[in-house]
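**Q** Following the hints, put chain B in place on chain A, whose structure we already have.
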Amino acid sequence: GNSVTQMEGPVTLSEEAFLTINCTYTATGYPSLFWYVQYPGEGLQLLLKATKADDKGSNKGFEATYRKETTSFHLEKGSVQVSDSAVYFCALSDTGNQFYFGTGTSLTVIP
Amino acid sequence: NAGVTQTPKFQVLKTGQSMTLQCAQDMNHEYMSWYRQDPGMGLRLIHYSVGAGITDQGEVPNGYNVSRSTTEDFPLRLLSAAPSQTSVYFCASRQTSKNIQYFGAGTRLSVL
Chain A
1 GNSVTQMEGP VTLSEEAFLT INCTYTATGY PSLFWYVQYP GEGLQLLLKA
51 TKADDKGSNK GFEATYRKET TSFHLEKGSV QVSDSAVYFC ALSDTGNQFY
101 FGTGTSLTVI P
Chain B
1 NAGVTQTPKF QVLKTGQSMT LQCAQDMNHE YMSWYRQDPG MGLRLIHYSV
51 GAGITDQGEV PNGYNVSRST TEDFPLRLLS AAPSQTSVYF CASRQTSKNI
101 QYFGAGTRLS VL
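Same order as they appear, the protein sequences are chains A and B. Numbering (this note's numbering) for the first sequence: 1 to 111. Numbering (this note's numbering) for the second sequence: 1 to 112.
Hints in this document: simulated from the structure, not taken from any laboratory. From the three backbone atoms N, C-alpha and C, an ideal C-beta is built for every residue, glycine too. Each statement offered as a hint is correct.
Away from chain A, derived, C-beta distances all over 10 Å, residues of chain B: (1) Gly-16; (2) Gln-17; (3) Ser-18; (4) Ala-52; (5) Arg-68; (6) Thr-70; (7) Leu-78; (8) Pro-83; (9) Thr-86; (10) Leu-109.
Here are some chain B residues pointing at chain A (derived, C-beta under 7 Å): (11) Gly-40; (12) Leu-43; (13) Phe-103; (14) Ala-105.
Here chain A stands alone, though its shape is the one from the complex (with noise of 0.2 Å):
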């Protein structure tokens, strides 16, 4: 079946500290990859997505390339900022629009 694999937090880094997210999957077919991003008090919003293999989605700073031959998606930052602080869910969809979640990630960015 599908399922989404994502390193467990917490996560705290301090401010212009470098962000790796690690995060594999399993899925029959060829499935569209996501990183949501849920900021406190919030519900999730997209972060990024990527929707065939060598893709790259990228959005605030953040990246993160679907690499098919290791079935993963790690969500990268070269900076991060303390607005940064949230939780951070990889998901994936399926050919027929169903999704599947990550447990999450929660990051700290301290000052």
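**A** For chain B alone, kept in the frame of chain A given last:
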């Protein structure tokens, strides 16, 4: 730009009480869904609907009912609340042909 609106934001129930979580969207999306979010378990799909008059079960449907009488509204009913239903509930919507979901701000439910 209202998007997806959920009410209430917070609710405390006693075991055995019933309530309805409201969800409305103004984007004319055919597909709507309910998730629950629990620590260490991410989001799990409760029920979904592909259009007015059509609903189906997700991964964790037990203890919940839904209906879809209009495109805009998709309420979630708890007929007899249990402590295991303490969670944060999110409603989401999207166009059926597109795979970008839009989420409401959530309802935090505690069952004592």
